[in-house]
Every structure is written in structure tokens, then in C-alpha cells.
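*Asks:* Following the hints, position chain B against chain A.
For the record, the sequence lines run as chains A and B. Residues 1 to 259 (UniProt numbering) are what the first sequence spells out, left to right. Residues 1 to 259 (UniProt numbering) are what the second sequence spells out, left to right.
No wet-lab data here; the hints were simulated from the structure. Think of the CB as a built atom: it goes at the ideal place given N, C-alpha and C, for glycine as much as any other residue. Honestly, I wouldn't trust all of these hints.
List time: in silico DSS-like cross-link candidates among lysine-lysine, alpha-carbon distance up to 27 Å [said to hold, decoys possible]:
(1) K247(B) to K162(A)
(2) K118(A) to K206(B)
(3) K118(A) to K162(A)
Ranges of calculated distance between the beta carbons of each label pair, as one might list FRET restraints [what the hints assert, rightly or not]:
(4) P68(B) to P68(A): 41 to 51 Å
(5) E236(B) to A49(A): 27 to 37 Å
(6) A205(B) to K21(A): 20 to 30 Å
(7) E243(B) to E159(A): 15 to 25 Å
(8) E134(B) to A70(A): 31 to 41 Å
2 protein chains.
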Amino acid sequence: MNIALIGAGNVAWHLAQAFTKAGHKVVTVYSRTATQRDELLQLLPNARATEKTDFTNLAVDVVVLAVPDAAIAGVAAQLQVKPGTVVVHTSGSQPLALLQSITGAKIGVFYPLQTFSKQKALDLKLVPFLVEAEDEATLDQLTQLAQSISNQVQQVNSEARKQLHLAAVFACNFTNHLLGISHQLLQNAGLPHTLLQPLIQETIAKAALYPPFEVQTGPASRHDATTIQAHLQMLEQQPVFQELYLKLTQSIQAQSLAK
Amino acid sequence: MNIALIGAGNVAWHLAQAFTKAGHKVVTVYSRTATQRDELLQLLPNARATEKTDFTNLAVDVVVLAVPDAAIAGVAAQLQVKPGTVVVHTSGSQPLALLQSITGAKIGVFYPLQTFSKQKALDLKLVPFLVEAEDEATLDQLTQLAQSISNQVQQVNSEARKQLHLAAVFACNFTNHLLGISHQLLQNAGLPHTLLQPLIQETIAKAALYPPFEVQTGPASRHDATTIQAHLQMLEQQPVFQELYLKLTQSIQAQSLAK
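If we strip away everything but chain A, and leave its shape as in the complex, we get (with noise of 0.2 Å):
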């Protein structure tokens, strides 16, 4: 397929160079960061800049908007194009309807369901892709372009991936903040990052093999208020971390309630 990408950031750094390898053509790329632009252009020999969101003269497929969520109205509003092309955001959070302002396209959502950064080399093949389309022909086509570069690709509607996208806020971005908390303690005792390493590793392959409520160990499910006590005391200084160890605690305690 002939491919227009909108945005050169992380997102359209991966997926540019996972099409390329795929067989498809990135023939146009446009981004408000002109460097950010020309330094993807460079792995893209084929591909041209563009300083326009015109797309009627250009034999394009498959429009790709892998722009920040809060750009993909703005982008929607000013973008042209031929009757029949698909036009695509690459978000977790936002509806489908938001690209419905574009006349004559074929509007869809290509959501890449994993985390991205340019400096760390990633096998697309084994993120998910979640794919969605206002007709089936269009679900269709966009099954195959993700299939072409992924092996766990996905039809998903808007209401259900926004369910996935605060169910990833929580296993992702949240987990990703005790584990700072936790590399802070570590720091704050002198000890060695790395040590909780096996640990960790150990819980996520626990919680991928169990359901992770049944698997549940620690001061907190197991009633333990002596240690719970010591530790509220250990954060004194760190209000914030306190709080939140708390409240933690606490839905730990009233989900063992549940079951």
C-alpha cells in the first residue's frame, strides 16, 4: 500500500520503518518539526516532505496520523483528501468519531498497543495492533495492513479500547511510578537498583500465568498491621508516598473483602 505519514514522532519512527520492511511505500511524510521530519526521511529513501495537508494530487491509501491525541482534531479540521482514502489515528484513548469531520475519507483507528521510544529498537511482530473502521471493507484492509506488520492484531471498537487504555494506565503508566517509588528507596538506602530486579520480574511472570488478585501476597493481604505501621512510619518524610501507601493497602484489603 502507498502510505502517508502525519507526524514523525516516536510512533511514526516505528511504524514508518516496520512498512518499509513489510513492502509497502511511505511516499509522503508530514510533521510540524521540520528536523524531527527530515531525520525519519532519512531511513525512508523513498519518501518526500510535505508542508502541506493536501493530499488530493497524491496516490495515497492509507493516511496515518500518529500525532499527539490532543493534535488529532486540529490535523482532522485542516486534512484533504482523494474520496476513498483511509485516514487512520494510531491512539489508545480516542474515539473513532474524532476523524469524522474529513470529508470523503474512509476512517479507521491503527492503535499500536505498546510503549515507544526512537533509542529502543522494538519486534512490532509481537505488539498487538488494535484496529477499527466505520465499514467492514475499510476493517478489512486495515487488518491486513497491521497484519502485514504485526501477529496480534485485533478488532477492537472505541468503547472497549477505552476500557483497555485505563486498564494499560494501570498496569503501565501507574506501575511504572511504584517502580520509580521503589528505585527511590532503594536509592535513598544505598542499595543497588538492580536487587529488586529478579523479584519483579518474577511478580509480572506470576500475574501473567495467574489472575493477579489470587496471587496477592504482602503486608497488606495478609493482615499484617505491625508491618503496615513500621512502613507508614518509614514514609513520614514523603507524604505523598505515604498517602499512597496507604490507599494502597487499603484496596488490597477491601479486594480480599470481595472474594
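*Replies:* Only chain B this time, still in chain A's reference frame:
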């Protein structure tokens, strides 16, 4: 070394096998749960059960208390050993001093920093062992014993071990709870829980490579009030999780202000 085990739970189960494999001799096992003890003894052809905690007539170099935290003081109060016998507990959160009541013993801590279950095989070589003792000779002895079964041995005092345990509660117990919430949200949306696995793996991998606070992503860190409000509303029916979402968001934002 000749080793006596007190306890026949998950930790004892893994330690006994590792000691035997490393050429040590587990000579006796004491446990209040006879069925667990006898199960463990089936793996240890040279060990015998004992019903008493008077070990003064046994040729034992090290007595390992692999019992729940709350049981350590009780066992220590009953235990009798030959003068000079090394006695250790295996707890991450309990101080060395808990063993001070044991007459004539050289006391120490022998803490495997991992979560154990009998069903799941573990390579102890990769598990960090934290050792502590009151005197240098005992510390050397425990370090050697630990090094015979693990490649990751650290000498850590009770104060640092307490900090480490608190860090582990955040990185593992609390993380598991967040994974449980995520698991439940996916289930509610009719989505397979495997969908988030690659993202979780990548989150953990990134947090091992970079300080987690520096690679924090998500609606909280980008101060995306619209998404945060939408998520809070989606959690309306689960007030405990809603509160947790709010506190975690606030903690992430407080952290980014602190930078």
C-alpha cells in the same frame, strides 16, 4: 555444611533442594505441619523429621528458620542449640535482633529476595541473597553458604533490609495489585488479559534501563485533564479503584513538579 531446617513452607522447600544440590546436608526438618514436613522429607533422603526444638544433641552447623515473620520470635524462644551454632532467619522485614534470645547461638539473617511457590521452579542462582550477622566470622560463613547456591549475594544490615522490604512492597505487592485491577478492567470489557502483556513487559524492561521517574508516560505525566476526568468517570462504579487512580495521578504529578 550440616543444616537443620525449621519450617517446611515455600522458602524451606526451595532452600532445602538448593542446599542439597550444592553438596550440603540437610540433617533434620522441624515443622508444626507434619504433612508439609513429610512432603519435604521425601525430597531429602538423608534428612530426618524431628518433633523437638532442642537441637543440642545434633551435629548441625546452621539452623535455618524458614517460618512466617510472626512465628520467628516464638520459635526463637523455644529453640536450643549447641554453643557456637549459627542460627538464621529468612525474613526480609524482621531485624536480626529477633534471634538474640537464643542462648549460645551465633545469629544471622539469610534472606532470599524472591517470591516463592512450590509449584513454580526457580533458579536460585539468580535470586539475590541478603546476609547479615553480628560477627565477622559468622558473616563470612553465611556469605559462603549463600554463594554456594546463588550468584547474587549481598551483605546488608537490618536497617537497609527494612528499606529494601518497603521498596519491594511498592515494586512487587502493589504492582501486582495494579495488574489485578488492570486484569479486572480487561475482563469487564470482554478483552483477553494477554493483550497488555507486551506493554507490561516493555514497561518493566524500560524501568530497569532508565530511572522510572524519568521515563514516566501517560495522562498524569502529560497533565491531560480530559483523559483523567474520563477515566475517573469510567471508574464511578468502583470507588476504591477511582480513589487509587486519583492518588496515583496526584503522586505522578507531584513527582514531575519535584524534578
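*Asks:* Taking the numbered hints from earlier one at a time, note which ones the structure violates and give those numbers from smallest to largest.
*Replies:* 5 and 8
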